[in-house]
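Asks: Chains as they are written, first to last, in this note's numbering: chain V, 326 to 593; chain W, 326 to 593; chain Z, 326 to 593; chain R, 326 to 593.
Treat the hints as calculated values from the structure; they're not laboratory data. One thing to keep in mind: the hints can contain errors.
[Stated by the list, open to error] In silico SDA-like links for lysine to any residue, alpha-carbon gap of 25 Å or less:
1) K495/V to D552/V
2) K586/W to K586/R
3) K413/W to K564/W
4) K401/W to F433/Z
5) K431/W to I434/Z
6) K402/R to V440/R
7) K497/Z to A452/Z
8) K495/V to N513/Z
9) K401/R to D344/V
10) K431/V to K431/R
11) K431/R to Y500/R
12) K372/Z to E567/V
13) K401/V to D363/R
14) K401/V to N450/V
15) K586/W to D463/W
16) K586/V to A421/Z
17) K431/R to L403/V
18) K372/R to K497/R
19) K402/Z to Q361/W
20) K362/V to I368/R
21) K372/V to E567/Z
22) K586/Z to Q365/V
23) K401/R to Q365/V
24) K362/Z to I458/Z
25) K402/V to Y500/R
26) K431/W to S405/Z
27) K431/W to N358/Z
28) K495/V to F433/Z
4 protein chains.
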Amino acid sequence: MDNKTLVDVQSIRDSRGIDLQRVGVKNVEIPLNIIQKDGQQQIATVKATLTVDLPHHFKGTHMSRFIEILNEWRSKKLLSIDLEGCLKQTIEKLNASNSYIILQFKYFIEKEAPVSSLIAPMGYNCAFEGVFIDNKYDFFLSVNVPITTLCPCSKEISDYGAHNQRAIVKVKISYAPDQIVWIEDLVNLIESTGSSPVYPILKREDEKYVTEKAYNNPKFVEDVIRDLVNELRQIDIIKWYEVECEAFESIHNHSAWAYQKELIKKNK
Amino acid sequence: MDNKTLVDVQSIRDSRGIDLQRVGVKNVEIPLNIIQKDGQQQIATVKATLTVDLPHHFKGTHMSRFIEILNEWRSKKLLSIDLEGCLKQTIEKLNASNSYIILQFKYFIEKEAPVSSLIAPMGYNCAFEGVFIDNKYDFFLSVNVPITTLCPCSKEISDYGAHNQRAIVKVKISYAPDQIVWIEDLVNLIESTGSSPVYPILKREDEKYVTEKAYNNPKFVEDVIRDLVNELRQIDIIKWYEVECEAFESIHNHSAWAYQKELIKKNK
Amino acid sequence: MDNKTLVDVQSIRDSRGIDLQRVGVKNVEIPLNIIQKDGQQQIATVKATLTVDLPHHFKGTHMSRFIEILNEWRSKKLLSIDLEGCLKQTIEKLNASNSYIILQFKYFIEKEAPVSSLIAPMGYNCAFEGVFIDNKYDFFLSVNVPITTLCPCSKEISDYGAHNQRAIVKVKISYAPDQIVWIEDLVNLIESTGSSPVYPILKREDEKYVTEKAYNNPKFVEDVIRDLVNELRQIDIIKWYEVECEAFESIHNHSAWAYQKELIKKNK
Amino acid sequence: MDNKTLVDVQSIRDSRGIDLQRVGVKNVEIPLNIIQKDGQQQIATVKATLTVDLPHHFKGTHMSRFIEILNEWRSKKLLSIDLEGCLKQTIEKLNASNSYIILQFKYFIEKEAPVSSLIAPMGYNCAFEGVFIDNKYDFFLSVNVPITTLCPCSKEISDYGAHNQRAIVKVKISYAPDQIVWIEDLVNLIESTGSSPVYPILKREDEKYVTEKAYNNPKFVEDVIRDLVNELRQIDIIKWYEVECEAFESIHNHSAWAYQKELIKKNK
Numbered sequence: 326m327d328n329k330t331l332v333d334v335q336s337i338r339d340s341r342g343i344d345l346q347r348v349g350v351k352n353v354e355i356p357l358n359i360i361q362k363d364g365q366q367q368i369a370t371v372k373a374t375l376t377v378d379l380p381h382h383f384k385g386t387h388m389s390r391f392i393e394i395l396n397e398w399r400s401k402k403l404l405s406i407d408l409e410g411c412l413k414q415t416i417e418k419l420n421a422s423n424s425y426i427i428l429q430f431k432y433f434i435e436k437e438a439p440v441s442s443l444i445a446p447m448g449y450n451c452a453f454e455g456v457f458i459d460n461k462y463d464f465f466l467s468v469n470v471p472i473t474t475l476c477p478c479s480k481e482i483s484d485y486g487a488h489n490q491r492a493i494v495k496v497k498i499s500y501a502p503d504q505i506v507w508i509e510d511l512v513n514l515i516e517s518t519g520s521s522p523v524y525p526i527l528k529r530e531d532e533k534y535v536t537e538k539a540y541n542n543p544k545f546v547e548d549v550i551r552d553l554v555n556e557l558r559q560i561d562i563i564k565w566y567e568v569e570c571e572a573f574e575s576i577h578n579h580s581a582w583a584y585q586k587e588l589i590k591k592n593k
Numbered sequence: 326m327d328n329k330t331l332v333d334v335q336s337i338r339d340s341r342g343i344d345l346q347r348v349g350v351k352n353v354e355i356p357l358n359i360i361q362k363d364g365q366q367q368i369a370t371v372k373a374t375l376t377v378d379l380p381h382h383f384k385g386t387h388m389s390r391f392i393e394i395l396n397e398w399r400s401k402k403l404l405s406i407d408l409e410g411c412l413k414q415t416i417e418k419l420n421a422s423n424s425y426i427i428l429q430f431k432y433f434i435e436k437e438a439p440v441s442s443l444i445a446p447m448g449y450n451c452a453f454e455g456v457f458i459d460n461k462y463d464f465f466l467s468v469n470v471p472i473t474t475l476c477p478c479s480k481e482i483s484d485y486g487a488h489n490q491r492a493i494v495k496v497k498i499s500y501a502p503d504q505i506v507w508i509e510d511l512v513n514l515i516e517s518t519g520s521s522p523v524y525p526i527l528k529r530e531d532e533k534y535v536t537e538k539a540y541n542n543p544k545f546v547e548d549v550i551r552d553l554v555n556e557l558r559q560i561d562i563i564k565w566y567e568v569e570c571e572a573f574e575s576i577h578n579h580s581a582w583a584y585q586k587e588l589i590k591k592n593k
Numbered sequence: 326m327d328n329k330t331l332v333d334v335q336s337i338r339d340s341r342g343i344d345l346q347r348v349g350v351k352n353v354e355i356p357l358n359i360i361q362k363d364g365q366q367q368i369a370t371v372k373a374t375l376t377v378d379l380p381h382h383f384k385g386t387h388m389s390r391f392i393e394i395l396n397e398w399r400s401k402k403l404l405s406i407d408l409e410g411c412l413k414q415t416i417e418k419l420n421a422s423n424s425y426i427i428l429q430f431k432y433f434i435e436k437e438a439p440v441s442s443l444i445a446p447m448g449y450n451c452a453f454e455g456v457f458i459d460n461k462y463d464f465f466l467s468v469n470v471p472i473t474t475l476c477p478c479s480k481e482i483s484d485y486g487a488h489n490q491r492a493i494v495k496v497k498i499s500y501a502p503d504q505i506v507w508i509e510d511l512v513n514l515i516e517s518t519g520s521s522p523v524y525p526i527l528k529r530e531d532e533k534y535v536t537e538k539a540y541n542n543p544k545f546v547e548d549v550i551r552d553l554v555n556e557l558r559q560i561d562i563i564k565w566y567e568v569e570c571e572a573f574e575s576i577h578n579h580s581a582w583a584y585q586k587e588l589i590k591k592n593k
Numbered sequence: 326m327d328n329k330t331l332v333d334v335q336s337i338r339d340s341r342g343i344d345l346q347r348v349g350v351k352n353v354e355i356p357l358n359i360i361q362k363d364g365q366q367q368i369a370t371v372k373a374t375l376t377v378d379l380p381h382h383f384k385g386t387h388m389s390r391f392i393e394i395l396n397e398w399r400s401k402k403l404l405s406i407d408l409e410g411c412l413k414q415t416i417e418k419l420n421a422s423n424s425y426i427i428l429q430f431k432y433f434i435e436k437e438a439p440v441s442s443l444i445a446p447m448g449y450n451c452a453f454e455g456v457f458i459d460n461k462y463d464f465f466l467s468v469n470v471p472i473t474t475l476c477p478c479s480k481e482i483s484d485y486g487a488h489n490q491r492a493i494v495k496v497k498i499s500y501a502p503d504q505i506v507w508i509e510d511l512v513n514l515i516e517s518t519g520s521s522p523v524y525p526i527l528k529r530e531d532e533k534y535v536t537e538k539a540y541n542n543p544k545f546v547e548d549v550i551r552d553l554v555n556e557l558r559q560i561d562i563i564k565w566y567e568v569e570c571e572a573f574e575s576i577h578n579h580s581a582w583a584y585q586k587e588l589i590k591k592n593k
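Produce the entire structure from the sequences given, and follow the hints as far as they go.
Replies: The structure is reproduced here in structure tokens:
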């Protein structure tokens with residue numbers, strides 16, 4: 326095949342005069358090494374989106390290069406710890422000025438039952454997100470953590486029992502790129518704000534413990550978010566957060582929901 | 326345009342000698358009138374699959390005819406009450422011998438709170454399914470009903486409280502086509518097998534009622550399925566069922582699950 | 326039952342000093358009348374989220390009131406045309422100062438095949454979104470429209486053929502609340518920016534037409550977004566938009582994706 | 326804590342007289358080692374369901390034991406290669422007579438571009454399923470493979486071009502437990518039945534190749550299934566299969582779909 330005949334259609338001059346903000350690939354599946362807090366690595370199944378801006382004079386971007394970059398960084402096993410480097414290389418290889426990446430994955434943590442101390446892995450939906458725009462890099466960490474919420478109102482007004490349910494807390498934070506917040510630590514913090522954590526394995530003595538703990542510790546979704554906001558505001562390196570708690574009410578077919586977003590003003 | 330030049334590729338003779346069991350269209354979205362138990366109609370957003378068998382000598386079926394049939398039956402507003410007629414016409418128009426249809430939709434029922442008697446609609450995922458094969462017609466009704474389950478073990482071993490959660494019960498039944506089982510009745514029957522039904526609207530007095538009712542009425546997923554099986558076996562016109570209950574455990578991130586399928590032998 | 330004994334736990338004074346931005350109900354399912362451009366109505370299956378802010382001194386909001394409000398507005402059949410009124414009443418009934426609503430639904434439009442003129446309904450995922458904050462009301466309309474994109478590069482470099490695929494264009498716009506943009510018009514505009522619209526029913530003469538039309542009209546996702554941006558900028562009443570195009574590449578298992586967001590500056 | 330006080334509610338005698346077919350845990354997430362054809366291992370994120378039958382005289386099963394079993398087999402790194410052993414142990418530990426397991430996961434295979442020979446990983450949804458019932462063990466392997474289909478009718482009737490799209494082929498097979506069918510081989514076989522495979526990375530010379538290959542090789546979903554059936558019937562160790570092909574038509578918002586299931590009679 327004569328490659329010279331293969332016109333580079335993407336590089337044709339475009340006359341519409343419109344700069345595009347984000348152009349690239351979405352839902353690319355790759356296996357990726359993630360560094361754990363204990364220094365070990367785990368391999369996660371990742372969905373990746375990687376984009377650049379496209380100046381008005383180019384007709385299109387070069388989609389295959391994004392896959393080449395993701396694959397190269399995956400092989401170097403650095404993608405999960407140097408998003409900034411990946412974004413800079415993307416900008417360079419695509420002749421762009423801005424770049425954006427998000428890596429979404431299930432992350433496993435060994436959780437210990439509260440009484441029997443039995444251990445089993447539990448999966449958490451997480452994301453690493455990086456934005457390099459106007460020569461400034463921002464990093465975002467997202468974790469989704471299931472918890473139990475037990476309704477304070479139901480407990481108060483009922484002669485016995487109280488409705489409770491699984492709820493999901495979604496936390497997204499940004500912090501200075503030279504710092505690190507471990508997924509393990511953020512999960513623990515979030516779990517402490519529910520009526521009780523949820524566990525992969527519970528024997529009878531554990532089930533008694535979490536049932537009574539939740540009953541002693543009733544929480545509205547409002548309470549979960551307020552306690553979480555209190556905690557996040559005290560973590561010095563966090564400069565921005567977005568949190569929500571959705572409780573899959575056991576007495577309804579809809580959810581109770583609370584949401585908060587805040588830029589914590591700091592000279593960082 | 327000269328239509329005579331448009332070859333009917335589908336009718337070309339195929340030489341592989343393979344009869345196909347089901348060929349057609351999937352995930353066709355249509356609005357559809359459904360007859361309620363009270364005689365009124367409601368319009369549902371339906372996902373439809375409609376297929377025929379394909380004899381070995383034809384290369385392909387004619388996909389556009391399925392859409393024409395669905396649209397014609399929709400306009401006649403009979404599709405939800407005469408699946409058999411629709412299947413027979415499909416067989417005729419496609420020169421086939423067998424046909425299959427499934428219509429999946431959200432169906433709303435007005436539910437009344439147990440104490441305040443406040444009323445609001447609640448949506449249930451349902452399906453009508455028809456099979457016409459070897460000159461025999463079978464009909465299947467599916468309904469998915471959320472309920473509350475309160476754990477008997479957690480109640481028994483804990484000094485106070487008991488974990489409970491939303492669970493989903495999926496029931497699929499078949500009965501003689503000349504009979505009718507109303508969605509409303511099947512939903513009520515299923516709701517009676519949980520620790521408590523779930524409701525769209527509950528005031529404080531209702532919340533106290535359902536909290537205490539669930540606590541007085543603990544159920545494993547095994548209990549839900551056994552009580553349901555008991556009920557279904559006693560309904561004379563039901564000749565086959567498949568049921569499952571999945572409880573989204575409030576103390577775990579996985580589900581407790583029970584399943585049963587049975588052909589109730591009857592000379593029908 | 327003695328209602329006086331049912332303590333209003335939500336109204337208990339909270340001491341954490343944290344104002345919450347959004348608290349309420351999520352994924353409430355209701356049937357809703359939507360006004361069509363032709364003046365007729367259609368009933369849609371809606372997923373609703375409705376929230377208010379919660380001042381720091383209240384422990385919780387009153388979740389059941391949101392359902393009462395949604396149900397009351399649904400019955401008055403005005404919810405889809407007076408989101409602002411609904412938000413104002415929500416603020417009043419919940420003693421709040423801000424309110425937020427989103428209604429997500431499948432909306433059907435009768436589409437006509439380009440040659441045979443056969444007509445069948447096609448469903449589009451849409452959303453109405455309203456925000457009432459600091460005494461200012463904003464409205465957002467979202468529509469998701471499937472189109473065909475045919476790859477300009479594949480066409481140019483190949484001796485025959487060109488890969489093409491279904492793509493989904495998501496458009497969210499905001500405009501002055503005293504104006505109206507019909508879903509039907511926005512869908513038509515979006516469909517005009519693809520290589521070809523997609524249709525619910527196509528006979529052979531139609532299939533020939535759309536195949537050749539797409540081949541004559543190749544588009545990258547970048548082209549779709551640029552043509553769309555061009556159009557949206559010219560619509561005088563639109564003051565803000567967010568658009569994306571995701572093409573489910575027929576030669577890959579991932580998507581090509583382009584995204585743009587813009588506040589069109591106007592003294593409105 | 327005095328464990329003797331923790332009554333074993335599950336072991337209470339049940340009087341409803343109903344044997345349950347499947348009771349256990351669903352959607353348990355675990356990381357799992359899968360053996361590749363090349364002898365290496367990969368770690369997959371698995372969703373597991375594990376159940377037993379429950380004789381009529383027991384009130385409930387012991388849910389935590391399923392998690393213990395899954396976790397123990399995971400640690401021994403044998404779960405993916407000895408489902409039968411896991412089912413037998415489950416039967417023993419739960420005092421049951423039947424058992425069922427399904428493990429669903431994304432499996433990565435390095436795929437090579439057809440001309441440039443560039444390599445990148447591509448993920449396939451797969452499942453291992455085991456049934457141990459009446460002292461007989463059956464194993465099922467499922468793989469979902471995206472392919473390109475190019476419409477023979479569109480090609481024939483159009484002066485140029487032909488609509489094509491991504492399609493997904495789902496294949497489930499059963500074979501003698503003492504044999505092995507590698508995921509890699511089954512994926513290759515399935516990819517050969519489309520108009521073209523899909524690839525994670527394609528440079529311009531590759532894109533030209535797959536565009537022309539698909540145009541030279543038009544396939545209805547019917548053709549894909551027939552070619553696949555032909556292949557599967559010739560593989561001696563396969564005793565049962567269920568296959569479907571769903572094409573996400575680029576000219577419609579619905580799918581073309583074909584389905585076939587067959588017990589290949591053999592004295593095995």
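Asks: If a hint holds in the structure, say so; if it doesn't, say that too.
Replies: Status of the hints after comparison with the structure:
{"no.": "1", "hint": "K495/V to D552/V", "result": "14 Å, holds"}
{"no.": "2", "hint": "K586/W to K586/R", "result": "20 Å, holds"}
{"no.": "3", "hint": "K413/W to K564/W", "result": "23 Å, holds"}
{"no.": "4", "hint": "K401/W to F433/Z", "result": "17 Å, holds"}
{"no.": "5", "hint": "K431/W to I434/Z", "result": "19 Å, holds"}
{"no.": "6", "hint": "K402/R to V440/R", "result": "38 Å, violated"}
{"no.": "7", "hint": "K497/Z to A452/Z", "result": "9 Å, holds"}
{"no.": "8", "hint": "K495/V to N513/Z", "result": "37 Å, violated"}
{"no.": "9", "hint": "K401/R to D344/V", "result": "55 Å, violated"}
{"no.": "10", "hint": "K431/V to K431/R", "result": "12 Å, holds"}
{"no.": "11", "hint": "K431/R to Y500/R", "result": "22 Å, holds"}
{"no.": "12", "hint": "K372/Z to E567/V", "result": "23 Å, holds"}
{"no.": "13", "hint": "K401/V to D363/R", "result": "22 Å, holds"}
{"no.": "14", "hint": "K401/V to N450/V", "result": "24 Å, holds"}
{"no.": "15", "hint": "K586/W to D463/W", "result": "17 Å, holds"}
{"no.": "16", "hint": "K586/V to A421/Z", "result": "18 Å, holds"}
{"no.": "17", "hint": "K431/R to L403/V", "result": "22 Å, holds"}
{"no.": "18", "hint": "K372/R to K497/R", "result": "17 Å, holds"}
{"no.": "19", "hint": "K402/Z to Q361/W", "result": "21 Å, holds"}
{"no.": "20", "hint": "K362/V to I368/R", "result": "19 Å, holds"}
{"no.": "21", "hint": "K372/V to E567/Z", "result": "23 Å, holds"}
{"no.": "22", "hint": "K586/Z to Q365/V", "result": "40 Å, violated"}
{"no.": "23", "hint": "K401/R to Q365/V", "result": "19 Å, holds"}
{"no.": "24", "hint": "K362/Z to I458/Z", "result": "29 Å, violated"}
{"no.": "25", "hint": "K402/V to Y500/R", "result": "38 Å, violated"}
{"no.": "26", "hint": "K431/W to S405/Z", "result": "20 Å, holds"}
{"no.": "27", "hint": "K431/W to N358/Z", "result": "16 Å, holds"}
{"no.": "28", "hint": "K495/V to F433/Z", "result": "33 Å, violated"}
Comparing the model with each earlier hint shows violations of hints 6, 8, 9, 22, 24, 25, 28; every other hint is respected.
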